[in-house]
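Novice: Protein chains in written order, with this note's numbering: chain A, 2 to 257; chain B, 2 to 257.
In short, the hints are calculated from the structure, not lab data.
Accuracy of the hints is not assured; some may be wrong.
[Stated by the list, open to error] Chain B side only, calculated, beta carbon under 8 Å to chain A, not exhaustive: (1) 26; (2) 52; (3) 55; (4) 106; (5) 109; (6) 114; (7) 156; (8) 157; (9) 160; (10) 162; (11) 184; (12) 233.
[Said to hold, decoys possible] Dumping the calculated DSS-like pairs for lysine-lysine here, alpha-carbon to alpha-carbon at most 30 Å: (13) 165(B) to 14(A); (14) 14(A) to 155(B); (15) 161(A) to 77(B); (16) 165(B) to 136(A); (17) 155(A) to 136(B); (18) 162(A) to 110(B).
The beta carbon of each residue, even a glycine, is placed where N, CA and C say it ideally should be.
Residues per chain, in single letters:
There are 2 protein chains.
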Amino acid sequence: MNILITAGGTSEKIDDVRHLTNHATGSLGKEIATLLQSEEQVTIHYVYGPQAVLPEGNSIHFYPIRSVKELEQQMKELLTTLSFDYVIHSMAVSDYEVETATNEALLAKELAKAITTKQGTTQEQIELIIQETLKQESRTGEPTQKKISSASEKLILVMKKAPKVITSIKKWQPSVSLIGFKLLVDVPEEELVTVAQKSLETNQADFILANDLIDITPTQHLGLLVTKDGVKARFQTKKEIAQGLKELILERKDDL
Amino acid sequence: MNILITAGGTSEKIDDVRHLTNHATGSLGKEIATLLQSEEQVTIHYVYGPQAVLPEGNSIHFYPIRSVKELEQQMKELLTTLSFDYVIHSMAVSDYEVETATNEALLAKELAKAITTKQGTTQEQIELIIQETLKQESRTGEPTQKKISSASEKLILVMKKAPKVITSIKKWQPSVSLIGFKLLVDVPEEELVTVAQKSLETNQADFILANDLIDITPTQHLGLLVTKDGVKARFQTKKEIAQGLKELILERKDDL
């Protein structure tokens, strides 16, 4: 049985010394992999971000990635060349990637030019021109700089939507079972379940492990296993989550 | 003898799951601390950022920090309550901290309002208004959000200058000897030395260890010890840098 696990967080490069990181220790992924790798019939392929803590085991293949783009390439390669039974996608993936690093002077110059060119007059027109200009892909700035100078008063980072890797998983390998993760912060359980069910649909996931950052402490990790029918199981710790997913995968228990 | 060492990198919080980090492993600081702590007369106070590798030793006091603000508070507290012989400030400190996270719609609304209110007409006037508006401290946006929604096409992070901690060190404790660090990326040695000497002056540092990211590999770490008179010593590895600083501090060798 082949299982693909992703864990940790992505890191988007701003320049050679600065990064935008998604905070995630990877300890939940480690817990899941540790439990599953002890099963004889299981081979784990483990895709992980920088600074993720790693599981140990002879039956684990490791694939380090940094950015969302690297994650996308690695996942595509694995899912189009190997056959998997499950993907457990616990990695905290950035929604955005860096488009340009600019400053107040460069951005002002670009926007003023767009406004004057188009001769907008009312506030609504100006607003629309600015919004459209900000949405454009190519802009003045310092996109590939070695280290952005700290001379200007403001550093303005324009980030664009990163590719949604989870949405492509079933496109790369339609037969795989997909367990996605959804992390929200301080929301009512009802909202958490609704958002998780929307994610099930959008990403063709089979299960979503939904959790809330305020319910995660060093000793506790509340998690809800959500399907289109609702909450199928509740867990109190990372160990319980790992145990629950193991039962789901190995014993194909539909009712946990 | 009391020595204050800073190591690793700072991490600025964008929201509860995203951070802007300065990439730095802290391994140079660890090397320096490891060598110095073995000396009987030395007590080390070690201020370090998230993910920094740590030195071992009974004579080391540890102080974890995350953001530049936390670094500033910690350094101020230490330098105004304890007497130090040397500060070795090897930490990669962010030049900027997060002011606001916004999106294309909110930023366009704010700028359009400023432009219409002030009735700018020429391109130059519009440019100036936008620039001034971007420089303002308080703006529309989502500064304290739990997790920024990924609904908008662009995520725009406006960063403002962070406090320059190194500049305050001699203000907090005028008698201390200060060894600062300057990291540039792919510049000629002449430029590296010039920038290091400017930093000596601005920050009232006694020495600057200047290095270039392209000269740092797992097995090599070129470093120049710069004073106002020029390059006093050259090092090829982290071990050599640590050894050089130890000789400087313990034997007060003026000519290395």
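Novice: Please go over all the hints and tell whether each is borne out by the structure.
Specialist: Comparing the hints with the structure gives:
Nearest Cβ of chain A to the Cβ of residue 26(B): about 10 Å, over the 8 Å cut. The hint is violated. The beta carbon of residue 52(B) comes within 6 Å of a beta carbon in chain A, closer than 8 Å, and the hint placing it at the interface holds. Contact between residue 55(B) and chain A, as hinted, is not supported at the beta carbon level, the nearest pair being about 14 Å apart and thus beyond 8 Å. Checking residue 106(B) against chain A by beta carbon gives a least distance of about 6 Å; that is within 8 Å, so the hint holds.
A hinted interface residue such as residue 109(B) counts as satisfied when its beta carbon comes closer than 8 Å to some beta carbon of chain A; here the least separation is about 4 Å, so the hint holds. Using the Cβ-Cβ criterion of 8 Å, the hint placing residue 114(B) at the interface with chain A is satisfied: the shortest such distance is roughly 7 Å. Annotation: interface hint on residue 156(B) holds; nearest CB of chain A at approximately 4 Å, less than 8 Å. Residue-level restraint check for residue 157(B) holds (minimum Cβ-Cβ distance to chain A is 6 Å; threshold 8 Å).
Using the Cβ-Cβ criterion of 8 Å, the hint placing residue 160(B) at the interface with chain A is satisfied: the shortest such distance is roughly 4 Å. The closest approach between the C-beta of residue 162(B) and any C-beta of chain A is roughly 6 Å, which is under the 8 Å cut-off, so the hint is satisfied. Checking residue 184(B) against chain A by beta carbon gives a least distance of about 7 Å; that is within 8 Å, so the hint holds. With a cut of 8 Å, the hint placing residue 233(B) at the interface with chain A is violated, because the nearest CB-to-CB distance is about 25 Å.
Pair hint residue 165(B) plus residue 14(A) holds up; C-alpha atoms about 23 Å apart against a cutoff of 30 Å. Annotation: proposed proximity of residue 14(A) to residue 155(B) holds, straight-line Cα distance about 17 Å (limit 30 Å). The straight-line distance between the Cα atoms of residue 161(A) and residue 77(B) is roughly 38 Å, outside the 30 Å bound, and the hint therefore fails. Annotation: proposed proximity of residue 165(B) to residue 136(A) is violated, straight-line Cα distance about 33 Å (limit 30 Å).
About 7 Å separates the Cα atoms of residue 155(A) and residue 136(B), which keeps this hinted pair within 30 Å; it holds. Between residue 162(A) and residue 110(B) the alpha-carbon distance is near 21 Å, which keeps this suggested pair within the 30 Å criterion.
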